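*Asks:* Each protein sequence line maps, in turn, to chains V and X. In terms of the working numbering, the first sequence has 74 at position 74, counting the first letter as 1, and numbering is strictly consecutive. In terms of the working numbering, the second sequence has 65 at position 65, counting the first letter as 1, and numbering is strictly consecutive.
Hints in this document: simulated from the structure, not taken from any laboratory. A hint or two may mislead.
[What the hints assert, rightly or not] Keeping only pairs whose Cα atoms sit at most 20 Å apart, straight-line, the calculated EDC-like set for lysine to aspartate or glutamate is:
| no. | chain 1 | residue 1 | chain 2 | residue 2 |
| --- | --- | --- | --- | --- |
| 1 | X | Lys2 | V | Glu2 |
| 2 | V | Lys102 | X | Asp75 |
| 3 | V | Lys31 | X | Asp56 |
| 4 | X | Lys2 | V | Asp87 |
| 5 | V | Lys31 | V | Glu2 |
| 6 | V | Lys102 | X | Asp63 |
| 7 | V | Lys102 | X | Asp64 |
| 8 | V | Lys157 | V | Asp204 |
[What the hints assert, rightly or not] Covered stretches of chain X, going by a simulated chain V footprint (3 or more residues, C-beta under 8 Å):
| no. | segment |
| --- | --- |
| 9 | 6-15 |
| 10 | 61-71 |
| 11 | 78-85 |
[Claimed, not checked] Restraint ranges, calculated between C-beta atoms of paired labels, are given here:
| no. | chain 1 | residue 1 | chain 2 | residue 2 | range |
| --- | --- | --- | --- | --- | --- |
| 12 | X | Lys2 | V | Gly193 | 48 to 56 Å |
| 13 | X | Thr61 | V | Ser290 | 41 to 49 Å |
| 14 | V | Ala141 | X | Pro45 | 39 to 47 Å |
| 15 | X | Glu17 | V | Asp265 | 46 to 54 Å |
| 16 | V | Gly247 | X | Ile59 | 46 to 54 Å |
| 17 | V | Gly193 | X | Glu17 | 21 to 29 Å |
| 18 | X | Glu17 | V | Thr261 | 30 to 38 Å |
| 19 | V | Ala225 | X | Thr61 | 37 to 45 Å |
| 20 | X | Pro45 | V | Asp282 | 54 to 62 Å |
| 21 | X | Glu17 | V | Thr270 | 33 to 41 Å |
Source: prediction; values computed, not measured. Just so it is clear, CB atoms sit at the ideal spot from N, CA and C, and this is done for glycine as well.
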Amino acid sequence: MENYLYFADPDVEGSAEGYSADNWAITVPAKNFLNAQPYSPTLTLFFFRSIQGYDEGTTGVFITHASGKNKEIINAFMACISSESSDGFIVVADSDVAGSSKNAEYSKVFNGLGISGISVMNSAYDGSWQRNTVEGTHVGAGAKGTYSEGGAPITIKRRVEAGVIITQLWIDITGLGGKGDAADDVIGLAAGGAAYIYRNIVADNGIIFKYEISCIELPAAASGAATADIDFNWNASGTLEYDGAAGTSEVDMGGLVAGQTHMVDAPALTANDYLYLTEGDDAATDGVYSAGQFLFTFYGMPVNSTGKIY
Amino acid sequence: MKRLLYFATGSGGDAQEESHTNLASNIAGIIPTSTTTTSLYFSFPGERFDDVNQRDKIIFTHDDTTNTTGHRCKDISRAIAQAANANPNNTGGLIDIVDLDNNIFYGNLNFVTGLEIWHKDDASAT
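In isolation and in its complexed conformation, chain X is listed as follows (with noise of 0.2 Å):
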């Protein structure tokens, strides 16, 4: 069974890139990309690998934890390879890692403060 990753970023999630859902089987991968925001990429089959306008993309933003326990990229990355992972028997395929709208955090993530979602083809999605 397919496992579907959903993010809302606390805006209603009734307009366009105030939520997001897309297969944890098209996760390209996750890097920090400040101190305090870490962005998750998702690509899509049969796409051209060297095309940056072709990722959609969710930024994180949570606290500046460099110093004392490591870059929270590490926390995301575990709790996202482990939402892939879930058994889809428990969470009806549908799972949500950061839904801002109603407070829902997957595993430990509620250091998440914010969400912004980027689609492909936008030019500032890189």
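In isolation and in its complexed conformation, chain V is listed as follows (with noise of 0.2 Å):
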């Protein structure tokens, strides 16, 4: 007998996505849970392998709990897992009331632990951000560009080989804008708001000792006319907007077009320092982008990280 695990959100509506905002529900084969964890006195958190293939591979269900049930919300789900059902389908958690048509309803295994709602969602993407790409922190709220098919604008993901640090970042510029009356400005939301898409953050990303910048897709215009030439400069303020004067970019792209790659070999990079997207050139005129995605792979190694090395 396989198990398959329901979990229902309050009022259940659907949603391509699964953000953490929609209303939604999943079934899962009890064969692809991976792991639990306590995520706050009253919650807990459940990962199973990602129904969909979204994000890191993760699709994650929160249930809220009285306070301190951590360990025995987990152990009443791994009775749910293993339970001998009728039919193999097993109501875990289902909040879903259906505008109060419906009761609710949880697996009895749960009697006297306080659940009082659960939230299910793809696990790295909240539906603005990934989940951890913190606005203020990360990127700022002026480089948050418009695309939206199926993850965020900006994507960090971060592995370790061989003790080196490798963090890739990924950049849509859907939606950004540059002024174009003069080169080196900062490209960003012509609303405004802080426009960095990175930050070098050596606890995270280690000492960058080479970074290589690869063109996906070309850059174009959706209004206006924006420049191809987009080059990028770090800049130890962290508050450069659209149109803001970044300095002589650092990085001269030389209107790279798409599947090129820029290699950076000698970045020495001041620590929390930001990275900005700027005009190559003076060519724009109140350009809005409709296309252009960037990948970053930076390269770090942590210092004194000889004992971590394998």
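Take the two lone chains, each set in its own frame, and fit them into one complex as the hints suggest.
*Replies:* Written out as structure tokens, the structure reads:
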């Protein structure tokens, strides 16, 4: 018998993406359970292999319960996984009340543990940013374009290989704009807001000793005229906005086209500096981008990491 | 014995994406995708499970019961779970879930009015 586990948000309406704000539900095979962990005294998080393959490959369920009952909740959930049902379908936690037309339904294994709700979602994306990408810490609000095809406009992924921290930053610039009256001005939302796309946080990315910038999609303008010559600039200021002067661009891409990579092998970055997209020339005229994607791959190494190399 | 789940869109079942057969053991999960659609995803053994292009998908179209009995995804999930655990001796191994060519429905799935079949590596599959 293979058990299939059902979880539902309060008012299920459906969504193709499964953001945290969506009213979603999932049914997953019990064999796809990955792990459980406390999130707070009243929240326990369960991870399953991703249903759709989004993000980091996981789908998550938060269960809200009485304070301090995390271990009991996990233990009860394990009873659900291994229970003998008549048909293999197990309602673990169904908060759906269908607009008050039906009652919520929770497995009896949770009796006495004070379950008051659940939240089902694709794990790494909350409909705005990835959950490991904090606005104001890793990216600025003014760098948030309008791309929404299954993910955030900026995605940061990180892994460690033989002690080297490899950080990948992907950005789609759709919705961002360039003023065009001067080169080296910041590209961002015309409405304003700090427009940095990354911050060099050494504790996260190590000492960056090399990085690559790959053009995945050539920038194009939706309105006005926008330059395809996009450069990059690291700056100590975290408050530069659209059309702000970023100084001489440190990375001159020279009109990189899709399928090309520019490597920076001696970055010598300053800790906590911010990375900005800048106009490579003054060809734009109030342009707003309708396309344009770049992938940054940063290679970093922590200082005093000898004991961590494997 | 393996359980093979069969789906047909009602277009004849003799051309690409008009029918689909997959192993119950490949089910990745079921989600509601709108008030009137529910999607069943299949994965492949050994695949990367963070790859959106490695899924087959069946989209069920159904009535909107979100404000009456609750979203149909629960009914579909229950039927799929039952089918995935059905006694294979009673089915010959091939289990009709929804066959719109022959109006065959597993359990109480006769509220399903349409099917779409998406195969992996289809850019729009998710």
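*Asks:* Hints first: check each against the structure and report whether it holds.
*Replies:* These are the hints, each one checked on the structure:
For the hint linking lysine 2 (chain X) to glutamate 2 (chain V), the alpha-carbon distance of about 12 Å falls within 20 Å, and the restraint holds. A hinted pair counts as satisfied when its Cα atoms are at most 20 Å apart, and lysine 102 (chain V) with aspartate 75 (chain X) qualifies at roughly 14 Å. A C-alpha spacing of about 19 Å is found between lysine 31 (chain V) and aspartate 56 (chain X), which places the hinted pair at or below 20 Å, so the restraint holds. Of the supplied pair hints, the one linking lysine 2 (chain X) and aspartate 87 (chain V) holds, its CA atoms being roughly 16 Å apart against a limit of 20 Å.
Distance restraint check for lysine 31 (chain V) and glutamate 2 (chain V): the Cα-Cα separation of roughly 8 Å lies within the 20 Å cut-off, and the hinted pair is therefore satisfied. As the CA atoms of lysine 102 (chain V) and aspartate 63 (chain X) are separated by approximately 17 Å, the hinted pair is consistent with the 20 Å bound. Between the alpha carbons of lysine 102 (chain V) and aspartate 64 (chain X) the distance comes to roughly 15 Å, so the proposed pair stays at or under 20 Å and holds. The suggested pairing of lysine 157 (chain V) with aspartate 204 (chain V) holds, with an alpha-carbon distance near 11 Å, which does not exceed 20 Å.
Check result for the segment 6-15 of chain X against chain V: violated, 0 residues qualifying (beta carbon to beta carbon below 8 Å, three or more required). With 7 residues carrying a beta carbon less than 8 Å from a beta carbon of chain V, the segment 61-71 of chain X meets the three-residue requirement, and the given coverage holds. Three residues within the 8 Å Cβ limit are the bar, and the segment 78-85 of chain X against chain V gives 6, so the coverage statement holds. Checked against the hint of 48 to 56 Å, the C-beta distance between lysine 2 (chain X) and glycine 193 (chain V) comes to roughly 55 Å, which is consistent with it.
Range check, threonine 61 (chain X) to serine 290 (chain V): about 32 Å between beta-carbon atoms, so the 41 to 49 Å window is missed. Between alanine 141 (chain V) and proline 45 (chain X) the CB atoms are about 43 Å apart, so this pair conforms to the stated range of 39 to 47 Å. Separated by about 48 Å at the C-beta atoms, glutamate 17 (chain X) and aspartate 265 (chain V) satisfy the suggested range of 46 to 54 Å. One distance hint, 46 to 54 Å for the beta-carbon pair glycine 247 (chain V) and isoleucine 59 (chain X), holds here, with the actual separation near 51 Å.
Under the hint 21 to 29 Å, the C-beta atoms of glycine 193 (chain V) and glutamate 17 (chain X), about 44 Å apart, miss the expected range. Our hint of 30 to 38 Å for glutamate 17 (chain X) and threonine 261 (chain V) holds, since their Cβ atoms are close to 37 Å apart. Distance hint for alanine 225 (chain V) and threonine 61 (chain X): a CB-CB separation of about 44 Å, consistent with the stated range 37 to 45 Å. The supplied range of 54 to 62 Å is met by proline 45 (chain X) and aspartate 282 (chain V), whose beta-carbon atoms lie about 55 Å from each other.
Between glutamate 17 (chain X) and threonine 270 (chain V) the beta carbon distance is about 54 Å. The supplied range of 33 to 41 Å is therefore violated.
Checked against the numbered hints listed earlier, the structure breaks hints 9, 13, 17 and 21; every other hint is satisfied.
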